[in-house]
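Chemist: Here is what each chain is made of, one letter per residue.
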Amino acid sequence: MMHTADLLNLFAPHRGDAIVISGRGGRHWIDISDTVMDIPLGDPAMGGHAGFGLGLALAQPNRRVVLFDSEGDLLMSLGQLPTIAEQAPANFYHFVLDNEVYATTGGQPVPNAKRVDYPGMAHAAGYPTAVGFSELGDVATALPGLLHTPGPVFAAFKVLPEVENTPIGQRVRWRKRGAEAVVRDLRAALAGRS
Amino acid sequence: MTDAAAVAMSPETVIRQMKQNHVTDIVWLPDSETNFLYLLMQADPDLRLVGVTREGHACSIAAGLYAGGRKPMILIQNTGMMESGDSIRGWLMGLNVPAVLMVGYRGYTRHGVNTDTAATYTERFLMAFNISYYLVESDADADRISVAFAEAERTKKPVVVLVGDEFHGFNR
Numbered sequence: 004m005m006h007t008a009d010l011l012n013l014f015a016p017h018r019g020d021a022i023v024i025s026g027r028g029g030r031h032w033i034d035i036s037d038t039v040m041d042i043p044l045g046d047p048a049m050g051g052h053a054g055f056g057l058g059l060a061l062a063q064p065n066r067r068v069v070l071f072d073s074e075g076d077l078l079m080s081l082g083q084l085p086t087i088a089e090q091a092p093a094n095f096y097h098f099v100l101d102n103e104v105y106a107t108t109g110g111q112p113v114p115n116a117k118r119v120d121y122p123g124m125a126h127a128a129g130y131p132t133a134v135g136f137s138e139l140g141d142v143a144t145a146l147p148g149l150l151h152t153p154g155p156v157f158a159a160f161k162v163l164p165e166v167e168n169t170p171i172g173q174r175v176r177w178r179k180r181g182a183e184a185v186v187r188d189l190r191a192a193l194a195g196r197s
Numbered sequence: 008m009t010d011a012a013a014v015a016m017s018p019e020t021v022i023r024q025m026k027q028n029h030v031t032d033i034v035w036l037p038d039s040e041t042n043f044l045y046l047l048m049q050a051d052p053d054l055r056l057v058g059v060t061r062e063g064h065a066c067s068i069a070a071g072l073y074a075g076g077r078k079p080m081i082l083i084q085n086t087g088m089m090e091s092g093d094s095i096r097g098w099l100m101g102l103n104v105p106a107v108l109m110v111g112y113r114g115y116t117r118h119g120v121n122t123d124t125a126a127t128y129t130e131r132f133l134m135a136f137n138i139s140y141y142l143v144e145s146d147a148d149a150d151r152i153s154v155a156f157a158e159a160e161r162t163k164k165p166v167v168v169l170v171g172d173e174f175h176g177f178n179r
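Going line by line, the protein sequences match chains U and P.
Using this note's numbering, the first residue of the first sequence is number 4, and each one after it goes up by one.
Using this note's numbering, the first residue of the second sequence is number 8, and each one after it goes up by one.
No lab work stands behind these hints, which were simulated from the structure alone.
Idealized CB from N, CA, C, for every residue including glycine.
Hints may contain errors.
Stated by the list, open to error - Keeping only pairs whose Cα atoms sit at most 16 Å apart, straight-line, the calculated EDC-like set for lysine to aspartate or glutamate is:
(1) K163/P to E144/P
(2) K164/P to D53/P
(3) K163/P to D9/U
(4) K179/U to D34/U
(5) K161/U to D34/U
(6) K179/U to D9/U
(7) K163/P to E183/U
(8) K78/P to E158/P
(9) K164/P to E138/U
Stated by the list, open to error - Distance ranges between label pairs, derived from CB positions:
(10) A93/U to P52/P: 14 to 22 Å
(11) L46/P to A93/U: 38 to 46 Å
(12) G109/U to G76/P: 36 to 44 Å
(13) P131/U to L46/P: 39 to 47 Å
(14) R23/P to K117/U: 33 to 41 Å
(15) G58/P to P153/U: 45 to 53 Å
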C-alpha cells in the first residue's frame, strides 16, 4: 500500500500539459498544483468521475486527460468501463485509488474489498492496457512508460485509507473554487488557446 | 398513411434540429422510440454517438464533453431519466451544464389516463427538480427543440424535451 500524497507527488513531474481531474486525490493534489488545468470537482454525484473524464478526453483529443478515480466510484458505475473502451480515447489515463473502504463515510469496506480485480475488470471490458500496483517503487518504475502508452490506460493503485469521521459540516474545506467555476475556467482557458 | 404517422415527429426533423443547434455529440441509451433515429445519427459523420449502459452515466459524460468545449445532447427514456436523478442534479445542474435532454415519454397519453407509472411520474419528477421542459409530438412542434436549446444556453441549466410516445414517430 502507498500513501495517496506520495503517489501524486511521484506523478507530478510526469504530468506535462495534461488536464488532471484530481478526484479522490483532490485534497492532496491541490497542494501540488492548482491551475485551470487542474479539475477539483469534489463529488458532484458519486460514480460519475470516469464519465466526466471520458467526455473531457473525447473533447480534447490532443491533450492527455488524467483522472484519479476511486474504487468506490468505479464500483458504483462499472458500466462505464465498456463505454470508455468502446470510445477508446488514446489520451485518457484512468487511474483508480483503491483504499478498499468508503473513507469519507467512516471507513466501511467496499464489497469484497480485498478480492476485486479492478484491472481485470477493465481489461475484460476492453481497455487495451490495465495494470495494478501495490508498491510505490513499482509505480516509479512503470509510470513514465505508462503515461506514454496510448490510452485508454487503466491503472489501480492500492492506497492507505484516510478515513474521515468528522461530521461533514465540520470538515476542512480544501477546495478553493466551486465545481461550476472549475468547469467555467477550464472552458475559458481551452477556448483561449484554440 | 395512418393518422398516427401523419402527426408523428420524424427522425429527419430531429436530426435537423440537432444540426441547427450545433450539437456535436449524442450521449444516449437506446430505447424503443429511437431506433430509426439511431440509424440516421450513425450515418452522420458530424455526430459522435456515445452509448452508455445506464442513463446516469450520460450526465457526467455530457458534463465532461461540455467542459472540453463540445455541445452534447442526451437522448434517453423517461424511465432512465428518473433513475438518473442524482446525476442530473450533480453533474448537469451542479456544474451549470446547458444540456438538452431529449427524453422518450414512455406511457404518455394525450388524454392523461395513464396505465404506465413511467408516464405518471415523469412530469412530477421534472417539477420536483425544477427542470424546465417542453413536449413535442409531431413535426409541427419541432421548433420547441430549438427553444429548449436557447433556454439551456441562457440559463446554463439542463432543459428537457419530452417526446410524446403515443405516435411512435421514431420507430416507424
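Chemist: Next step is simple, just say for each hint if it's right about the structure.
Modeler: Cross-check of the supplied hints:
{"no.": "1", "hint": "K163/P to E144/P", "in the structure": "violated (26 Å)"}
{"no.": "2", "hint": "K164/P to D53/P", "in the structure": "violated (25 Å)"}
{"no.": "3", "hint": "K163/P to D9/U", "in the structure": "violated (38 Å)"}
{"no.": "4", "hint": "K179/U to D34/U", "in the structure": "holds (11 Å)"}
{"no.": "5", "hint": "K161/U to D34/U", "in the structure": "violated (21 Å)"}
{"no.": "6", "hint": "K179/U to D9/U", "in the structure": "violated (22 Å)"}
{"no.": "7", "hint": "K163/P to E183/U", "in the structure": "holds (10 Å)"}
{"no.": "8", "hint": "K78/P to E158/P", "in the structure": "holds (14 Å)"}
{"no.": "9", "hint": "K164/P to E138/U", "in the structure": "violated (44 Å)"}
{"no.": "10", "hint": "A93/U to P52/P: 14 to 22 Å", "in the structure": "holds (20 Å)"}
{"no.": "11", "hint": "L46/P to A93/U: 38 to 46 Å", "in the structure": "violated (28 Å)"}
{"no.": "12", "hint": "G109/U to G76/P: 36 to 44 Å", "in the structure": "holds (39 Å)"}
{"no.": "13", "hint": "P131/U to L46/P: 39 to 47 Å", "in the structure": "violated (29 Å)"}
{"no.": "14", "hint": "R23/P to K117/U: 33 to 41 Å", "in the structure": "violated (54 Å)"}
{"no.": "15", "hint": "G58/P to P153/U: 45 to 53 Å", "in the structure": "violated (22 Å)"}
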